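Colleague: Based on these hints, arrange chain A on the given structure of chain W.
Chains as they are written, first to last, in UniProt numbering: chain W, 1 to 278; chain A, 1 to 278.
Because the hints were derived from the structure by calculation, they are not lab data. One or more hints might be untrue.
No distinction is drawn between identical chains; accordingly, a pair holds when it is met within one copy or between any pair of copies.
[Said to hold, decoys possible] Below are the SDA-like pairs computed for lysine to any residue, each with C-alpha atoms no more than 20 angstroms apart in a straight line: (1) K206 x A131; (2) K5 x V95; (3) K5 x V132; (4) K255 x P84; (5) K255 x L168; (6) K5 x V133; (7) K5 x I70; (8) K5 x G40.
No experiment lies behind these values; they were computed from the predicted model shown.
2 protein chains.
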Amino acid sequence: MQNWKVIVSYDGTDYSGWQVQPGRATIQGELQAALGRVTGESPLPQGSGRTDAGVHALGQVASFGLAAPIPADNLRRALNRTLPAAIRVVETMVVPAAFHARHSTVAKTYEYRVFLERRRTGPDEADPSYAVVCPPFLARYVYSYPWPLDFGELERAAASFVGTHDFLSFAATDPDETTRSAADNEEDMTTLGAVRTVYRSWWEQKQTDEGTMLFYRVRGNGFLHHMVRNLVGTMLDVGRGYRRAEEIPGMIAAKARAAAGPTAPPQGLFLHSVEYPE
Amino acid sequence: MQNWKVIVSYDGTDYSGWQVQPGRATIQGELQAALGRVTGESPLPQGSGRTDAGVHALGQVASFGLAAPIPADNLRRALNRTLPAAIRVVETMVVPAAFHARHSTVAKTYEYRVFLERRRTGPDEADPSYAVVCPPFLARYVYSYPWPLDFGELERAAASFVGTHDFLSFAATDPDETTRSAADNEEDMTTLGAVRTVYRSWWEQKQTDEGTMLFYRVRGNGFLHHMVRNLVGTMLDVGRGYRRAEEIPGMIAAKARAAAGPTAPPQGLFLHSVEYPE
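Chain W extracted, bound-state conformation (with noise of 0.2 angstroms):
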């Protein structure tokens, strides 16, 4: 038996998330399909976490054991033969018996993408240039914002979440939502509850063919379930001006939800990448 490590991209629009789910299109059922049409095996691949229906990854991390040995590169050829296009295995390799997606991750790095709709905002509004329409073919990877952002208040807010913080106003709280939250850190909720460590938070801006694009990129040693779509609108809020970024402290302090700004919606956020030790 041999212990494998997968990095897997995906488009998530069309399917339910990660996990498997009784008669619906998964992730994780998807690559458990696969791996039984290449291999004759079919091993439940351990995600190093779930994402949600809508929610994408470049590099999203899975680990399962095979039986049967098979060189690394013609697996990784193989399942992507067999895989819907929407799912591509990037690397495939063999690893320690010991590595598990999921309990061996020591950080991960999401990415937010916002479409800005606003050239400009001001007396000029009339003219029709200040709007700029968001290309239907980046609509499924973006949150198309349509109100004017103030990128040095955005910057500001993100750097706020930077450290060692318990993060319950940013977890989601309907009851299924928080379960889902807890399977996923199970190790975590229980020695931390909603304490985690971000290391980083940063925006950029970019100017690409199509308009002004926004990336929000966040490095931590765990997020709660919808931490960071709810990190995001609640920087989006400050942005537009509805907030200030000096609140922030102030709602991470109340440990409540409500103090909180909105969830940004799913088809803006990608699974970055995933680290293990060494």
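Modeller: What follows is chain A alone, placed relative to chain W:
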């Protein structure tokens, strides 16, 4: 009654092409329904031509009449608010009554996008780095091509289509398709048969973060049904070494579909732009 011209961009993946069909989601049908919701009038927008299922548009043009007066930018914004994100109205303008999106066309440009899965070939083929995975976020919008291509041969092949030729060898052959092709260019088919003029035909190569992309663009006075996809399928056979660019004049002269190469898949094809007099 005002005559309107609109420029529309769409992701054709989830639609049964441009043209209204009972019980199916089409671009023309979505646009007509959106006009109904916005204005209370439901004219059938006349496109510059049909696009097939899975084919996209950067700048499809459609025309229709509306009795109610409405500022052009208000119409654009209201349509985009009610249309699916896969269909965007890029521009709206009132035009003279004589304008008709199909009959007034003087030239069209199509674009075909190819993603190269091979970084290199040769004795190091066993090295996993020779292969590049097509990102799932591009898969809907490219032909992900698994074999190495000779770019110089592609360029030579593209040049050999320029000029006025009978393109019957590159037209769809099944009865249904021929009917559709005729309907698409009624006047042309009567007077010209399969004769079309290609003004420009060329390939470009672009390095992106994800890998190497090839863009084929062709500008002409009109195109037969499946013509661009058949030109591309033939050129890719040349680039791959199955055929030679020098054989293309013979394929054209044969006036037989079987003389040319295969039909490239729809997802790489974009109606780029449509030109009108003055």
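Colleague: Next step is simple, just say for each hint if it's right about the structure.
Modeller: Against the structure, the hints come out as follows:
In this assembly of identical chains, the alpha carbons of K206 and A131 lie at most 20 angstroms apart only when taken from the same copy (17 angstroms versus 29 angstroms across copies). In this assembly of identical chains, K5 and V95 lie within 20 angstroms of each other by CA distance solely inside one copy; the values are 6 angstroms within and 60 angstroms between copies. Taking CA atoms no more than 20 angstroms apart as the test, K5 paired with V132 passes between copies only; the shortest distance there is 19 angstroms, against 42 angstroms inside one copy. Taking CA atoms no more than 20 angstroms apart as the test, K255 paired with P84 passes in neither setting, with 41 angstroms inside one copy and 37 angstroms between copies.
Proximity of K255 and L168 under a CA criterion of 20 angstroms is satisfied intra-copy only: 5 angstroms inside one chain copy versus 71 angstroms between copies. In this assembly of identical chains, K5 and V133 lie within 20 angstroms of each other by CA distance solely across copies; the values are 17 angstroms between and 40 angstroms within a copy. Taking the shortest alpha-carbon separations for K5 and I70, only the intra-copy value of 13 angstroms comes in at or below 20 angstroms, while the best inter-copy value is 58 angstroms. When the C-alpha separation of K5 and G40 is checked against a cutoff of 20 angstroms, the pair qualifies only within one copy, where the shortest distance is 18 angstroms, while the shortest distance between copies is 57 angstroms.
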